[in-house]
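S.K.: For the protein sequence lines, the chains are A and B, in the order given. In this text, residue positions in the first sequence follow the numbering used here: the first is 22, and each later residue adds one. In this text, residue positions in the second sequence follow the numbering used here: the first is 89, and each later residue adds one.
Since the hints were derived computationally from the structure, they do not count as laboratory data. Model, not experiment: these values are computed from the prediction. A hint or two may mislead.
From the structure, some residues in chain B lie toward chain A, with a derived Cβ separation under 8 Å [claimed, not checked]:
(1) ALA119
(2) SER123
(3) ILE223
(4) TYR226
(5) LEU250
(6) LEU254
(7) ARG258
For glycine and all other residues, C-beta sits at the position ideal for the given N, C-alpha and C.
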Amino acid sequence: MNLDDELKSALRREDPPAGFAQRVTARAQSRPARNPGMLRMIWAAGIAAMLVIGVTSVSQYRQVQGERAAQEAVTALRIAADKLNMTRDKVLKLEN
Amino acid sequence: MLTQAAITRAIPRAMTDDPEQFAELVREHQAMVFSMACRYLRNRALAEEIAQDVFLQLYKKLPDLESPDHVLHWLRWVTAHRLIDHSRQQQRRPQTPLDDAPEPAAPANQGDPLLTDTLRQLVAELPENARLVMILRYQEDLDPMDIAQALEMPLATVKSHLQRSLALLRDRLTRKKGVGI
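With the rest of the complex left out, here is chain A (with noise of 0.2 Å):
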């Protein structure tokens, strides 16, 4: 026995199963085929549109911060003004 020859026999080569090709290519046309520039695109859409969700959600951020900085604002002039009031008719009052 040479075992070279028993193993170029026990490994030689072997059809896979009928209609391996057919199955093979059915699930290639399955798939639509994609080329880079047509990858590329895919990525740079998505890259596009991840900026303007996160420049859209950072200026309602500070659209939303700033009209609570505003109503803050308001809310702390009608306090000054109410006690300025209340200031200017004590003063009145005892000036009467």
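Knowing the structure of chain A, use the given hints to seat chain B on it.
M.R.: Using the frame of chain A, we list chain B on its own:
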């Protein structure tokens, strides 16, 4: 069987408009890819699954491949690396012992079927790189230089794998069967 000129025409055309040309290309190489996977894994179902994945990769890669030789080398390289990747993934998961794995169906044999099965089992038990080297040497009949190129491995490493694997196989065969080979 396609002629060399037909294969050359098939490469650019298969991708775009003729599935039958691609099927011809698959038929041309399916025995090589499937057998590499089958001998490496000793599991026909898994070998078919991996062989299909390799050809689907080929389908996407076809526009970049320039010649039938390029296709052949690319297929060998991708199949080898796909098999190594699979082994590494399996090593991280619980494994089915080789003895419990589905046995490959034995086609019409030319030699001793018991010896053939024993040799296949012993080859399948070799470490992953040594196993691939043996498959490329004895299934694909590549010389060590071509194996080194196919696996991107130093020539000395390929020769060392071959020598050690053959010595190991001789030793195990002698112990298993009590036969000198």
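S.K.: Hint by hint, note whether the structure agrees.
M.R.: Structure-based check of all given hints:
With a least beta-carbon distance of about 4 Å to chain A, the hint placing ALA119(B) at the interface is held under the 8 Å criterion. For SER123(B), the interface hint holds, since its Cβ comes within 8 Å of a Cβ in chain A; the closest pair sits about 4 Å apart. Contact between ILE223(B) and chain A, as hinted, is supported at the beta carbon level, the nearest pair being about 6 Å apart and thus within 8 Å. A distance limit of 8 Å between C-beta atoms decides the matter here; for TYR226(B) the minimum to chain A is near 4 Å, and the interface restraint holds.
Hint status for LEU250(B): violated, given a least beta-carbon distance of 11 Å to chain A, over 8 Å. Nearest Cβ of chain A to the Cβ of LEU254(B): about 7 Å, under the 8 Å cut. The hint holds. With a least beta-carbon distance of about 6 Å to chain A, the hint placing ARG258(B) at the interface is held under the 8 Å criterion.
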